[in-house]
Amino acid sequence: MKNIFLITKREYLTQVKKKSFVILTLLAPVLMIAFAAFITFLFKANESSSTFNVIDKSGLFVGNLKSDQSIKYVFVPRENEKALTSTLKDMDGIEGLLIIPELKDNNFDELEKNSKLLINKKIGFETKMSVVADLSRIIKQEKIKKLGISEDQIINLDKNFDLNTQNVVDNNKADSDLDFGIKSGLSMVLMYAVFMFIIIYGVRVMRSVLEEKNNRVVEIIISSVKPFELMMGKILGVTLVALTQFSIWITMSVLGAIFLNTGFSAMQKQIPGGEQSAEMIEKFDIQQTASEVSHILLDMNYPLIIFVFIIFFLLGYIFYSSMYAAIGSAVDNETETQQFTLFAIIPLMIGMYGSFTIMNNPEGPLGFWLSIIPFTSPVAMIARIPFGVPGWQIALSIFLLVISTLLMIYIAAKVYRVGILMYGNKASAKEIWKWIRS
Amino acid sequence: MLKAEHVTKTYNAGKKLALEDFSINVPEASIYGLLGPNGAGKTTFIRIINQITQADSGEVFINNEKLNPNHIRQIGYMPEERGLYKNMSVGDQILYFGELKGMSKNDALSQAKYWFEQLEIDQWWKKKLSELSKGMAQKIQFVVTVLHRPKLLILDEPFSGFDPVNANLIKDQILNLKNNGTTIILSTHRMESVEEMCDYVALIDHAKKVLDGKVFDVREQFKKSIFGVTLADINNDAFEQFRNRYQIQEYATENQLVSFDLKNDNDQNIVLNELMKVGKIRSFDEKIPSMNEVFINAVSAGKR
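One line per chain: the protein sequences are A and B, in this order.
Residues in the first sequence are numbered from 1 upward in steps of one, following our numbering.
Residues in the second sequence are numbered from 1 upward in steps of one, following our numbering.
For reference, chain A alone in the conformation it holds in the complex:
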């Protein structure tokens, strides 16, 4: 036991003292936000607005076809049709000419067939679809009108059914859409974090094993401690590194959420303030949403989520990093690890991609099985947890994961024991199988 402690301590201190660790820990959250902002910026940058001239011979669309941010409709008199058609090719700032024929005998199909959009450059699929949507909407309105229904009735018809969902299990709390969105978001973030962490830290264990093997330090250590102690110490050391990094990040994000949340209550008191410009209201809206989000976040069963997250992360990480330790011991250098690391990555990938369906149906059979089977449960259970999981499922899943983690450590220790003293050649899968069975 004392030896494991010593090895853990050394592993932890060497890794935490590295400059790269300090920089990454402090900078990663900032980088993440910057990256998200950059992606948003990229999306925005690719957005463009198109302007179309419209010749409406039917007279149905004038006043109904409304411009928005991305598409601008400019109505022109029908006399200009010929001139515009011929000059469209060289026109700058106008992407197309929409020509709608006269409506004869209320034959809308005929109108649709003869409508055309002339363009002078490629328009995006999205742009075309929104033009089509705009036109269909108006045609639909016209058709309904012909049936003899008033405009008010139409508006009334179009009204969405606003379904009020209430979860009777969960304190009769209203399950708003925002709530669901935030839970999905949290679920994604947590799941992705676990996925990334298991791989990143697992590979760290593997590297550390390889380093000792290549340095031949392993021979000296093995003459003082058991291979199992060395492997466990190493895994635990890296675990502590991960936990340190986590606690720093969780503290940072909880502080951020609390900060926004205090803004929430302060604003509620501010509402009966006198005149507010439109700009102020809009700004207020964004802040309102942001604080509502953090409010919902803080309102969730935080202790349970953190508990489950840490338990599953730890167990999953130990499960996979013993696998990585075994891989590191069986090969001679990092390039040779690739075919073996597939074994460690594929189950996690299945868990992660499978979890996307969990977003749609958190209590479906796939979600259930993925979060019970040990290979995928570290990822899938964490994806499910923000939505709430029955206690017995969590317990069962933890139980199975503990058992299989112990089993994995046992198997890995067997491979590790033989592997670390093999120099010069890479073990084949067959050989490794032999070591496990011996």
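None of these hints come from the bench; they were simulated from the model.
Below, simulated PhoX-like cross-link-like pairs (lysine-lysine); rule was C-alpha separation at most 20 angstroms, straight line: (1) B/105 with A/9; (2) A/146 with A/57; (3) B/287 with B/224; (4) B/126 with A/18; (5) A/19 with B/127; (6) A/116 with A/72; (7) B/105 with A/2; (8) B/128 with A/9; (9) A/9 with B/126; (10) B/15 with A/434; (11) B/128 with A/18; (12) A/44 with A/128; (13) A/9 with B/86; (14) A/19 with B/86; (15) A/44 with A/72; (16) A/434 with B/16; (17) B/126 with A/17; (18) B/128 with A/19; (19) A/18 with B/127; (20) A/143 with A/104; (21) A/66 with A/128; (22) B/16 with A/430; (23) A/434 with A/414; (24) A/143 with A/57; (25) B/86 with A/18; (26) B/214 with B/178; (27) A/145 with A/66; (28) A/226 with B/66; (29) A/430 with B/15; (30) B/3 with B/151; (31) A/104 with A/57; (32) B/86 with A/17; (33) A/19 with B/126; (34) B/171 with B/134; (35) A/17 with B/128; (36) A/128 with A/116; (37) A/17 with B/127; (38) A/140 with A/159.
Please read these numbers as outputs of a predicted model, since none were measured by experiment.
Following the hints, put chain B in place on chain A, whose structure we already have.
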């Protein structure tokens, strides 16, 4: 101190024989040389003593006690492939290995101080290993090996990587340890160091022990009654007569000196008498084979 009895070890499920029926007896406070070509089984034997691997059959005893995990703290092992952590400071590293061997931090610290003075390296404590040269790293490795006052020291090629000055420094330290009662197993194929330092030697080839015993006895055993002779002012007629009656090899003249090797299985004094008539005897000594020759002879004998 250490006794191995009929140790056999195979790899790959019995297909590769690493050590076969290997028995040696290492007396207390001696230096025992383990000789053999690469791949003969030396490292396997050392790993068995260190309990890195287990023998298939046979027993190893330390002080008449069957080898067990408690012995590990009494053993200091310096593997041939040296290994230390590259980006860890020398001091941290030494304390770490000391603590792994069960030392307290203070004990490790005071021992380290002693050895750093002995090896004249006190100014390296805070340096990282990657800043040291290979020879410097070897010294650290040596300190790591002896720090916990092992009763049994196993050194695999201890002098590789050292310049002659430092090799001598280490050699003196090893001899010093022996005089203080440490038993030392020296695995090497540097024959000079065997002749200089070892009291006993065992030769391993192809997984088997070829011969063992005191270094002196082993060399005696391989001598071939060849004498090196150097004469001055020779009488050519007498020399011709002498030449016809004895086997002479490696004949050479230099500055009026004549030297040759002489094979003689009879009484040496008779030959000496005859040689006195041939010329003035400058030197006459029996050629005891070097460990190098013993090694080559024994190994090639094994191949036949």
